[in-house]
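Counting in our numbering, the sequence shown runs from 1 upward without gaps.
Everything labelled a hint here was simulated from the structure, so no lab data went into it. There could be a bad hint or two in this list.
In the SDA-like style, the derived pairs of lysine to any residue whose C-alpha atoms are separated by at most 20 Å in a straight line are [as the list claims (entries may be wrong)]: (1) K56 to A5; (2) K56 to L11; (3) K56 to R37; (4) K56 to G24; (5) K56 to M66; (6) K56 to A44; (7) K56 to S18; (8) K56 to E30; (9) K56 to D28; (10) K56 to E12; (11) K56 to L36; (12) K56 to G19; (13) K56 to Y32; (14) K56 to Q2; (15) K56 to E42; (16) K56 to I14; (17) K56 to P31; (18) K56 to G41; (19) K56 to R35; (20) K56 to I45; (21) K56 to I6; (22) K56 to C23; (23) K56 to W25; (24) K56 to C22; (25) K56 to S29; (26) K56 to G13; (27) K56 to S7; (28) K56 to W27; (29) K56 to Y46.
Distance windows between CB atoms, simulated [unchecked claim]: (30) Q26 to T55: 34 to 40 Å; (31) D28 to A5: 17 to 23 Å; (32) A61 to G24: 34 to 40 Å; (33) C23 to Y50: 34 to 40 Å; (34) D58 to S7: 16 to 22 Å.
Idealized CB from N, CA, C, for every residue including glycine.
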Amino acid sequence: VQIGAISGQYLEGIGWISGTDCCGWQWDSEPYVKRLRFQTGELAIYIHSYTYELTKADIIAIAESMK
1 VQIGAISGQY LEGIGWISGT DCCGWQWDSE PYVKRLRFQT GELAIYIHSY
51 TYELTKADII AIAESMK
């Protein structure tokens, strides 16, 4: 995703979980967990949200408001 002129990474989900005996590891894409990571210079910024209330656009807007 773009945060102004900076590229970032956006993910929805809890993370990798051990799947059933047939499937190995699977991404748990639970939509209430949202993560955004971007870097400016030597500063890496992570924004984590644990709510259904915020959207992807909301998270990006929060990141864009940081100076």
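CA of K56 to CA of A5, is that 20 Å or under? Distance of about 17 Å is within 20 Å: holds.
Straight-line Cα separation of K56 and C23 no greater than 20 Å? violated (29 Å)
Given the range 34 to 40 Å, decide if the beta-carbon distance of Q26 to T55 lies inside it. violated (24 Å)
Holds or violated: K56 and E42, Cα atoms, limit 20 Å. Since the Cα atoms of K56 and E42 sit roughly 25 Å apart, the hinted pair is violated (cutoff 20 Å).
For a C-alpha distance cap of 20 Å, please report whether K56 and S29 respect it. holds (14 Å)
Distance restraint between K56 and R37, which requires alpha-carbon spacing of 20 Å or less: holds (12 Å)
Can the restraint linking K56 and S18 be considered satisfied, given a maximum Cα separation of 20 Å? violated (26 Å)
Can you confirm whether the C-alpha distance between K56 and L36 stays at or below 20 Å? holds (9 Å)
When you check the alpha-carbon spacing of K56 and W25, does it fall within 20 Å? Given pair K56, W25 is violated - Cα atoms ~25 Å apart, limit 20 Å.
Starting from the range 17 to 23 Å, see whether the pair D28 and A5 falls in it by beta-carbon distance. Given about 32 Å between the Cβ atoms, the range is violated.
20 Å Cα cutoff - pair K56, R35: The given pair, whose Cα atoms are some 9 Å apart, holds under the 20 Å limit.
Range hint compliance [Cβ, D58 to S7, 16 to 22 Å]: holds (19 Å)
In this structure, the hints that do not hold are numbers 4, 7, 12, 15, 18, 22, 23, 24, 30, 31, 33, in rising order.
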